[in-house]
Amino acid sequence: MKLKIYSGKQIKMNIKEQVWIPVILLIGFFLAFPVAELLMMGNWFGMNYTYDQLQILYENLWKDGFLRTGFAITVIAALLNSVSEFWYLYSSKKVDFYHSIPVKRSRMFFSRMFTGIIFFAGPYLLMEFLTVCIGAMRGCFSLHLMKLAFYMFLIHLICYLLIYFAIVLVICITGNFLMGGLCFVGVFLYGTVLSSLITGYEETYFRTYARMLYGVCKVLKRDVSPLFLGNELVDKYSQGELKGFLFPVLCVVLVLTAASFFAYIKRPSERTGEALIYPFTQVVIRILVVIPTGLGTGLFFSLFPENTSSRDAWEIFGLLVGVILSYSLLEIVYQMDFRKIYVHWVQLILCGVLAILMAAGFKTDVIRYDRYFPKSGQVEMISWNGVNMESSDYAEEKADGRYVIGTNNVEAMIDLGNSEDLLQAVKKAADRTYKNIKNNVGKEDLEESGRMVTFGFTMKSGTTIYRNYIVDSQILKDILQAAYREGDYKKDRYSILNIDSKYLFSITGIFGDGVYTTLWERDKEKRTEFLEALRQDILEADAEILTGQPCGKLYLSFGQIPQERTPDNMVPDGREFLSGAGGMVYMFPQFSRSLALLEEEEDLSISLQDVDVESADVVFDLSEDATVLSDPVQYTGKEELTELKNILIPPELVPEWETFNSPWADLTLNIRGKEAVEGWAIRPGEKTPEFILLDQERAQEGILGENESEDSTDLTTNLEDTTDTEVMDIYE
Amino acid sequence: MIEVNQCSKKFGMLQAVNKVSLQIGNREVFGLVGSNGAGKSTLLRMMAGIIRGDEGNILVDGTDVYENEKAKSSIFYIADDSYFPANFTPREMAVYYKNVYPSFRMQKYEKLMKQFHLDERGKINRFSKGMKKQLLVILGIAAGTKYMLCDETFDGLDPVMRQAVKSLFAAEIMNRDFSPVIASHNLRELEDICDHVGLLHQGGILLSQDLEELKFHIHKVQCVLSDSQKEKELAKELDVLSIQHQGSLLLITARGTRTEIMERIQAKKPLFCEILPLTLEEIFISETEVAGYEIKNIFW
Numbered sequence: 009m010k011l012k013i014y015s016g017k018q019i020k021m022n023i024k025e026q027v028w029i030p031v032i033l034l035i036g037f038f039l040a041f042p043v044a045e046l047l048m049m050g051n052w053f054g055m056n057y058t059y060d061q062l063q064i065l066y067e068n069l070w071k072d073g074f075l076r077t078g079f080a081i082t083v084i085a086a087l088l089n090s091v092s093e094f095w096y097l098y099s100s101k102k103v104d105f106y107h108s109i110p111v112k113r114s115r116m117f118f119s120r121m122f123t124g125i126i127f128f129a130g131p132y133l134l135m136e137f138l139t140v141c142i143g144a145m146r147g148c149f150s151l152h153l154m155k156l157a158f159y160m161f162l163i164h165l166i167c168y169l170l171i172y173f174a175i176v177l178v179i180c181i182t183g184n185f186l187m188g189g190l191c192f193v194g195v196f197l198y199g200t201v202l203s204s205l206i207t208g209y210e211e212t213y214f215r216t217y218a219r220m221l222y223g224v225c226k227v228l229k230r231d232v233s234p235l236f237l238g239n240e241l242v243d244k245y246s247q248g249e250l251k252g253f254l255f256p257v258l259c260v261v262l263v264l265t266a267a268s269f270f271a272y273i274k275r276p277s278e279r280t281g282e283a284l285i286y287p288f289t290q291v292v293i294r295i296l297v298v299i300p301t302g303l304g305t306g307l308f309f310s311l312f313p314e315n316t317s318s319r320d321a322w323e324i325f326g327l328l329v330g331v332i333l334s335y336s337l338l339e340i341v342y343q344m345d346f347r348k349i350y351v352h353w354v355q356l357i358l359c360g361v362l363a364i365l366m367a368a369g370f371k372t373d374v375i376r377y378d379r380y381f382p383k384s385g386q387v388e389m390i391s392w393n394g395v396n397m398e399s400s401d402y403a404e405e406k407a408d409g410r411y412v413i414g415t416n417n418v419e420a421m422i423d424l425g426n427s428e429d430l431l432q433a434v435k436k437a438a439d440r441t442y443k444n445i446k447n448n449v450g451k452e453d454l455e456e457s458g459r460m461v462t463f464g465f466t467m468k469s470g471t472t473i474y475r476n477y478i479v480d481s482q483i484l485k486d487i488l489q490a491a492y493r494e495g496d497y498k499k500d501r502y503s504i505l506n507i508d509s510k511y512l513f514s515i516t517g518i519f520g521d522g523v524y525t526t527l528w529e530r531d532k533e534k535r536t537e538f539l540e541a542l543r544q545d546i547l548e549a550d551a552e553i554l555t556g557q558p559c560g561k562l563y564l565s566f567g568q569i570p571q572e573r574t575p576d577n578m579v580p581d582g583r584e585f586l587s588g589a590g591g592m593v594y595m596f597p598q599f600s601r602s603l604a605l606l607e608e609e610e611d612l613s614i615s616l617q618d619v620d621v622e623s624a625d626v627v628f629d630l631s632e633d634a635t636v637l638s639d640p641v642q643y644t645g646k647e648e649l650t651e652l653k654n655i656l657i658p659p660e661l662v663p664e665w666e667t668f669n670s671p672w673a674d675l676t677l678n679i680r681g682k683e684a685v686e687g688w689a690i691r692p693g694e695k696t697p698e699f700i701l702l703d704q705e706r707a708q709e710g711i712l713g714e715n716e717s718e719d720s721t722d723l724t725t726n727l728e729d730t731t732d733t734e735v736m737d738i739y740e
Numbered sequence: 020m021i022e023v024n025q026c027s028k029k030f031g032m033l034q035a036v037n038k039v040s041l042q043i044g045n046r047e048v049f050g051l052v053g054s055n056g057a058g059k060s061t062l063l064r065m066m067a068g069i070i071r072g073d074e075g076n077i078l079v080d081g082t083d084v085y086e087n088e089k090a091k092s093s094i095f096y097i098a099d100d101s102y103f104p105a106n107f108t109p110r111e112m113a114v115y116y117k118n119v120y121p122s123f124r125m126q127k128y129e130k131l132m133k134q135f136h137l138d139e140r141g142k143i144n145r146f147s148k149g150m151k152k153q154l155l156v157i158l159g160i161a162a163g164t165k166y167m168l169c170d171e172t173f174d175g176l177d178p179v180m181r182q183a184v185k186s187l188f189a190a191e192i193m194n195r196d197f198s199p200v201i202a203s204h205n206l207r208e209l210e211d212i213c214d215h216v217g218l219l220h221q222g223g224i225l226l227s228q229d230l231e232e233l234k235f236h237i238h239k240v241q242c243v244l245s246d247s248q249k250e251k252e253l254a255k256e257l258d259v260l261s262i263q264h265q266g267s268l269l270l271i272t273a274r275g276t277r278t279e280i281m282e283r284i285q286a287k288k289p290l291f292c293e294i295l296p297l298t299l300e301e302i303f304i305s306e307t308e309v310a311g312y313e314i315k316n317i318f319w
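Protein chains in written order, with our numbering: chain B, 9 to 740; chain L, 20 to 319.
Among the hints, a few may not be true.
To be verified - In the EDC-like style, the derived pairs of lysine to aspartate or glutamate whose C-alpha atoms are separated by at most 20 Å in a straight line are:
1. B:Lys102 with L:Asp138
2. B:Lys274 with L:Asp73
3. L:Lys117 with L:Asp83
4. B:Lys102 with L:Asp99
5. L:Lys117 with B:Glu25
6. B:Lys101 with L:Asp100
7. B:Lys24 with L:Glu139
8. B:Lys101 with L:Asp80
9. B:Lys112 with L:Glu129
10. B:Lys20 with L:Glu111
11. L:Lys38 with B:Glu278
12. L:Lys29 with B:Glu25
13. B:Lys274 with L:Glu88
14. B:Lys112 with L:Asp83
15. B:Lys24 with L:Asp196
16. B:Lys101 with L:Asp99
17. B:Lys101 with L:Asp83
18. B:Lys102 with L:Glu86
19. B:Lys102 with L:Glu171
20. L:Lys142 with B:Glu25
21. B:Lys274 with L:Asp83
22. B:Lys102 with L:Glu88
23. L:Lys251 with L:Glu293
24. B:Lys274 with L:Glu74
25. B:Lys112 with L:Glu86
26. L:Lys29 with B:Glu282
Please keep in mind that the hints were generated in silico from the structure rather than gathered at the bench.
Using the sequences provided together with the hints, build the complete structure.
Here it is in structure tokens:
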């Protein structure tokens, strides 16, 4: 009868034995909850937040703030409880004492586990209750908050069990403090280190590697360590993305519970003091440590040599040094005897061979990493980070008239769609990149041969794979056309236009004359009318129009936009959090409504044909690195200027999906009534005029004078000093 | 009854216990003697259910002891180097054991604590080694278990306390079903108290017999024979454990009853013959000498 009530009484005894733990945790949770609450609320009251704002902030404290502070104390609780309750396993004296008493190990395990839970939950709930009371006293109380407090406890309890059982498992499979400490560090950091190692190899040997955390590396970095997994659970709950993540975490907790339970009840007491209790774990740990260490040192040594052949030799040397050193250190810890270091020499050789094979596998791309391209049926969504090519902020209007503004971000991945056309367009980029790799184009050369764009393939299985491909202008055009045809990309790309016109602050445009002009600076109505016209034009434009040759480029600037209310952007006194947004939009000749409004403006020249060009000054490159420039050649002849007007375009109007030609170092147009505009290019598809080519040849033959490139800023001065007659003389 | 059947235990390359079989009867004091590293402590730990044998089994009243709460509740194990939870007092230890041993008698504990003049409220970690041993014996007796496994328990006890503990064991055996198993090197101590002796050597059991029976079957004789030929014949006829010469005096330790040995010696017409009393220590030395464990093998 007494045996049956052992657990309850044992728990009482345990509490008496380790009463210092709940005391420490009580202090910890007191700081994490009530003290943090008093600090925050004190700040809020001092800053004159309104009642509604206070409710939002207080709710957020339960959803996020307490979650973080509570997690820190939970980690400490798990560490203290697990170590204090199970570290007796490292002392044969204590093992003899506890395992000689008539209590089954299974019962002992659970009584210790429950003691730990009481030590954790007791102070936790007490301090949480106190926190709720303080909140209620200050006017923040609702059943919803009680629900949040309960959920927070559950989340922290899961984190506690996760870390607790991971440590218990480490103690149960190790026999002394040294090995226990090493395994403890290993369990918490191994995944992160291995993930970094794999990333290092991928970055070194795979040309299409994209710096995105996904797949195995993501799992290793975020989910292998119980600490990071717990932290991610807290993050997911805080972000409201717990669904789909909770179940795997609970499974991990169950697996750890079962593993630590069996490791405890099957633990041979006589092995206390040895490095590892279960001999098979020696082999597992040896493989898990020795091979990655070898690969890591191999990679480290390969970083220094300049030429490829010696790099390979150094890599192998580093790899073998890493394997032998790590193996020897492990054996010393295992055996505690230098003479027995090479007892398992077969395993040493095996580890060395496996490490070399793995390094060779990365080097020769055995897994066909660079060649990989997903099959069309597998892809759920293709995304890219090419949004910065047409930089615009993202804007979404909420039901209450406020906006969510997403700042344009180079690393942000934007969904393109999943159509077959799109996939084939991206495949062209993949094939081109692989062709270059096969032709042994170096990594740096590869990046220079076109724009390096990161593509993400979200598979139907839910995983996402990232690759970097070289994209030229034609492929880019194909990708954009395919994306526009699908619909959503167009909506996202031009989401900035969804912002109400009353927040439109300014419109600046550049057109065929190459001059930046601020439009309707003082005429808000006109700006509003223009924005509406632009919206309509874009709505009606198809993929071909939106990827054509623009005739203008607009920069729209919005200001004083009320942002969606979140705890992070709360402004005291109930005021709105206002922000700005900006975006760039190309104008195409098919945008009839907006172009009509622009043409009404007298000062505005949409096309170069609309202006009177007085002369054109051209400076040629006389060296490949543009350090030596020719003297400027000025063209004033009507025919030459007409020909130039037909082919010239400001480079700002050449989009990413087009390429422009610029056979000169600089071309400056002097337009009547306007400032001279430099930097003109030849319109895509047009050829360089014959007279330009002739002068270029003459310049290179030295018939024309030359200038150092540093003098290029003085070109205008030089031109002013040279009379038309002199220029004609030179030409003739 | 505790039955040890063909039990073996190996620690790495070391064979700590090698196919040991013995029985510990009810209401007897079992002395477990053996050389250093003979496997006494390992065998006791196996009997206490702390470690599991590689082969064989240990039955306590017919049930396997390992991970068996019922079997273990009839055993109280006192380790050579005992552990007490930090900051515990004897009273707290008693409460602890009361929770785990169903037959724990608090009154008995209190009575014995008074008899042994131990401070019930003092911290155990401030007790001397001898006081800790006394406390463990008291707790073991109060636990009311049928078997008490004592590993070098008499080490550190002063002669008075040793005697007191022996008396305590005797009284318990008189009053209830109680069987202490005492592992020790101190054979003289064991000789006073043990009913049965198990002799371990290099992991194996050399003998396991009642002490009286053991003494009945091994004798030491001193005699003077007329010539050396007769000595050789006698050595062949008797189950000799050792022969020593002190001048013309011959000291023979041999197996056999007093009558058997005397008949054989008398047949050689000795000039002088006398049976000498044999101590447990002498039996131990003789038996282990036969097994190759003698001082000359250790030093030379």
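Checklist entry - Holds or violated: B:Lys274 with L:Glu74, Cα cutoff 20 Å? => result Judged against 20 Å, a Cα distance of about 16 Å means the pair holds.
Checklist entry - Given the proposed pairing of L:Lys117 with B:Glu25, does the C-alpha separation stay at or below 20 Å? => result holds, 16 Å
Checklist entry - Taking only the CA atoms, is the gap from B:Lys274 to L:Glu88 under or equal to 20 Å? => result holds, 16 Å
Checklist entry - Is B:Lys102 within 20 Å of L:Asp99, Cα to Cα? => result holds, 12 Å
Next on the checklist: For L:Lys29 and B:Glu282, compute the direct alpha-carbon distance and say whether it is at most 20 Å.
Outcome noted: holds, 15 Å
Checklist entry - Is the Cα-Cα distance between B:Lys274 and L:Asp73 20 Å or less? => result Roughly 14 Å between the alpha carbons, so the hint for B:Lys274 and L:Asp73 holds.
Checklist entry - CA of B:Lys20 to CA of L:Glu111, is that 20 Å or under? => result holds, 12 Å
Next on the checklist: Against the 20 Å threshold, does the CA-CA distance of B:Lys102 and L:Asp138 hold or violate the hint?
Outcome noted: violated, 23 Å
Checklist entry - Between B:Lys101 and L:Asp80, is the straight-line Cα distance small enough, at 20 Å or below? => result Not OK: B:Lys101 and L:Asp80 at ~27 Å, beyond 20 Å, violated.
Item to check | Hinted pair B:Lys112 and L:Asp83, Cα distance within 20 Å | outcome: holds, 13 Å
Item to check | Hinted pair B:Lys24 and L:Asp196, Cα distance within 20 Å | outcome: violated, 34 Å
Checklist entry - Between B:Lys102 and L:Glu88, does the CA-CA distance stay at or below 20 Å? => result Distance of about 19 Å is within 20 Å: holds.
Checked against the numbered hints given earlier, this structure breaks hints 1, 3, 8, 9, 12, 15, 17; the rest are met.
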